[in-house]
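Number of protein chains: 4
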Amino acid sequence: MDIGMIGLGRMGANMAERLLRGGHRVHGFDAVEAARDAAKARGIAPAESLQALIAALPSPRAVWLMVPAGAIVDDTIAALRPLLARGDIVIDGGNSRYQDSMRRAESLAADGIRYVDCGTSGGVWGLQEGYSLMLGGDEAAIEALHPILKTLAPSADQGWGRVGPSGAGHFAKMVHNGIEYGLMQAYAEGFAILQRKQDFAFDLHQVAEIWRTGSVVRSWLLDLTADALAKNPTMEGIAPWVSDSGEGRWTVAEAIALDVPAPVITLSLLERLRSRDDDSFADKLLSAMRNQFGGHAVKKE
Amino acid sequence: MDIGMIGLGRMGANMAERLLRGGHRVHGFDAVEAARDAAKARGIAPAESLQALIAALPSPRAVWLMVPAGAIVDDTIAALRPLLARGDIVIDGGNSRYQDSMRRAESLAADGIRYVDCGTSGGVWGLQEGYSLMLGGDEAAIEALHPILKTLAPSADQGWGRVGPSGAGHFAKMVHNGIEYGLMQAYAEGFAILQRKQDFAFDLHQVAEIWRTGSVVRSWLLDLTADALAKNPTMEGIAPWVSDSGEGRWTVAEAIALDVPAPVITLSLLERLRSRDDDSFADKLLSAMRNQFGGHAVKKE
Amino acid sequence: MDIGMIGLGRMGANMAERLLRGGHRVHGFDAVEAARDAAKARGIAPAESLQALIAALPSPRAVWLMVPAGAIVDDTIAALRPLLARGDIVIDGGNSRYQDSMRRAESLAADGIRYVDCGTSGGVWGLQEGYSLMLGGDEAAIEALHPILKTLAPSADQGWGRVGPSGAGHFAKMVHNGIEYGLMQAYAEGFAILQRKQDFAFDLHQVAEIWRTGSVVRSWLLDLTADALAKNPTMEGIAPWVSDSGEGRWTVAEAIALDVPAPVITLSLLERLRSRDDDSFADKLLSAMRNQFGGHAVKKE
Amino acid sequence: MDIGMIGLGRMGANMAERLLRGGHRVHGFDAVEAARDAAKARGIAPAESLQALIAALPSPRAVWLMVPAGAIVDDTIAALRPLLARGDIVIDGGNSRYQDSMRRAESLAADGIRYVDCGTSGGVWGLQEGYSLMLGGDEAAIEALHPILKTLAPSADQGWGRVGPSGAGHFAKMVHNGIEYGLMQAYAEGFAILQRKQDFAFDLHQVAEIWRTGSVVRSWLLDLTADALAKNPTMEGIAPWVSDSGEGRWTVAEAIALDVPAPVITLSLLERLRSRDDDSFADKLLSAMRNQFGGHAVKKE
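From first to last, the protein sequence lines stand for chains P, R, L and U.
In terms of our numbering, the first sequence opens at residue 23 and continues consecutively.
In terms of our numbering, the second sequence opens at residue 23 and continues consecutively.
In terms of our numbering, the third sequence opens at residue 23 and continues consecutively.
In terms of our numbering, the fourth sequence opens at residue 23 and continues consecutively.
Please keep in mind that the hints were generated in silico from the structure rather than gathered at the bench.
Cβ atoms here follow ideal geometry from the backbone N, Cα and C, with glycine treated the same way.
Where hints are given, some of them may not hold.
List time: in silico DSBU-like cross-link candidates among lysine-lysine, alpha-carbon distance up to 35 Å [to be verified]:
no., chain 1, residue 1, chain 2, residue 2
1, U, Lys321, P, Lys253
2, U, Lys62, U, Lys321
3, R, Lys253, P, Lys253
4, L, Lys62, L, Lys172
Every beta carbon over 12 Å from chain L, so not counted as near; a handful from chain P, in silico [what the hints assert, rightly or not]:
no., residue
5, Leu149
6, Ala279
7, Asp299
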């Protein structure tokens, strides 16, 4: 089927390419010229403007947004809105906050435009292995998208599905990412313990490889960890500095709002904050307190 | 090759059967008659005594212990010791504490008996899928075991290996289990958040299935979680009571001893303690404190 | 000086009484008749309506709100606004979210009404011991309130102060409560450890008393804990169920928004959520997972 | 009464001086000459040897150990043992592990020597304010010590007591220190949040002072924190590096051994480990994992 892909960055361009390979007609657009050029080199003919993109799509149109969460999504929708017609479908495949998706779906419904939120997992590997897709929104709209969903997913009947009404797709993706934080932190802590046990001089890559088959902790993240350890067993040159991209925070906030204690997901987020706080005021104050009551020497900077 | 398997419980009997299927001559023993009978029904001819088991093995003998960690391992070794000869190999495939394995290896070395510690992962699925095996000890001893290790493992060249000197195998298994606690807790928290978000009425089994392919959180534990949710989506009849079997505790203690902060693994253990503490004195005292300073009503039992 | 106290509940009535004792003319109002009657019995002559209250106050008026945080504050301000004049001062002494206080201050400033946010700590003991007061807002407005602040505080020059612009008072109180959660949880955990160590049969009240003088952990919360343990050493009849009133949640959210890792404050909140979750889905799922991979029995409900 | 004080370091010399001021005859000893000289300058006449110390004491002798926990305690006891007689009392006022105290008490009992474990809190302030003393051991032995306990404590009837049999004193002190870790961490996090909220430009010392009277979080640790913030409001020159001295670790281990979840005390310890881990392997690996699955850039060292 025909699909318009807005946002041809790392994720969007890969998804466009997977759709092309699957026999779909992909019309692309990116506000950045370099992204359009890069997409063209990969066989995706990008439109020069949103207008041109929409004009190229048959009705009812399906437009997939793959742009950074936040204001850009709202701006893009605002620009699209006058170009679209009743019955058209807009899919937000990015990492939007689920409450935003609920709001957008409701707003566009006033014009008869159908809004589908799609949590998309798979990262840079999705091009080859397919994407895990969690969809929220109108059932008929999602049904109309089945051809492209079956292509984007790992297989026609696996790794994708409508999980609920508007917002449910991004909610599920948010939780997915919260879990991801926890899984990553668990592996990282485990390997850090092995690494510190210098008496045994573990070959961390070997241990990861052994665990990859047969063990209870085998997983795709472990496969990637094994790759990372093969390339750089001592993590040389990599700073102990871990970014976070919003969904972990939202999961923590949502868990608290729902009165669900989620200590491991929460601590995984806090550890990332901690990794970036190399001048901790709290720790300085603790050191000063110990000096106050016990006369313990503080370490000078 | 010939192998003596001591301990024909859930794990030992499965491992014996996998070895039999692989063409090895398996001699079994279990102190419990019912376990011997059950083993016989699966084609493993158990010896009537340790003496008979040892007598049946060609030299140098290989004896695999698959008994509960702790005193039983020491007792079994004490009973075996006079029956064994210089050059024989004892493998402890259970979940022993690594310091115990180091001590046992050193002790048996005085008699020329070679002791191999083998962390074994795979649970009840190992029979079909093979076991992940992390080995510690003498290189030559482990080399002599290669035929059975290749059979027990998922494949001849995957999922097993010598990871270091005596103790290293059980150390790696200990950390493996610590990671496992963290992974399990991360999934459990994530699904609990989904379950509590009643507006979306998630089908938890469906979400697990979607995540199983393509997503960043795909793993074998997620496969099992999907199975569990398929059978019992509401966890009906299951008490919120989670056991722990020692290795999580050891991982926490070891991390602290090594000055490695491992908050997620640690909290995963504490959550299990919490699950079994349904009459928390701490919580009662908190409620009483709030009443003291703020006049807040306590909830009565 | 003259002051109008709106909200004559547990906190408001006590504060009104402390002000009366200090020689101020206190005009009170409460929407609930029973609260008005109770106040009258304590010597506070309550007005029958907001209008009557405002009419009774000399210009520039000072009106202190001691009502539950949230919509009631907005509603009360909306009702007051047309009754007030340029130069009047409204103080919110409740536990409002600091962003709300910033918004309200800005809104009222349009009419020349000065809004002061006052974090108030001290609980039911404040009547006798004085309240700790953290004030945010216009310097001149706060200066005009000095007479009543000096009376409400533990002493004229201790326990109160302007800590910054609008919002800063409630921000400081929010953090105060976050710290309070952490302190309470630390004590509760410690006494729970003592209580569980049955070999030593500790008298928890005695231990608390010993710690109250000379020890590093002496504090007012420990004094209260000692009282609670004196009255009810086994916490008999008290459910292990701990409420939370919003400020802990805000502190956690604010810490994350500021990229400050605050694990102890955060976990203290999560423990309260946990205390109220006696049918944890996460724990049930963990139990089911263990059964899946290891054949471990689940505990039945 | 007469007392022999072994160990004239920061704590021991202060305690000796407080006893002197209280009218007791204090006989001191320290293996380090400089400590003996410093003690002499404070009016404590130190013996030149353990033999001389013991010879100077009337029977039944009371000998107070104030030496670092661990091997030094065992060595000192071994040296004392042949010098002591049936009925003599040895008090360990240091931070020994409670299991060690139980073992030592049992061992010395074979010779009729009475061993008292005394958890001592108060730090460098104890000299002026008195020490909080938690005692474990034989009732009659402790009764014989009442004169010196009443002097060391903040007052004759406050801040000290026998809390149970041998080991109970050090157990209570261990938990005391665990609580202390939690309290300190709670304050440190709170002030770190205030410090990071730059819009409000809080004067942290002022906030601490406000909280010191009337507030729910008032405590002696807060008094000390206020002092530290007065002297150095920005913690300039202090490294974010926090030591730990054993008792936090023991509390965590004990809580787990008793199946008591103590997340806040536990996290407080882990935060200290974290403060000293400025090259976290776990964080590097997390960064590498993110790069693997998402193509996210790692930060270079």
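Here is how each hint holds up against the structure:
1. U:Lys321 x P:Lys253: holds, 17 Å
2. U:Lys62 x U:Lys321: Between lysine 62 (chain U) and lysine 321 (chain U) the Cα gap is close to 57 Å, so the pair fails against 35 Å, i.e. violated.
3. R:Lys253 x P:Lys253: violated, 41 Å
4. L:Lys62 x L:Lys172: holds, 24 Å
5. Leu149: Correct as stated: the minimum Cβ-Cβ distance to chain L is 32 Å, above 12 Å.
6. Ala279: violated, 8 Å
7. Asp299: violated, 6 Å
In terms of the numbered hints stated before, the structure departs from hints 2, 3, 6 and 7, listed from lowest to highest.
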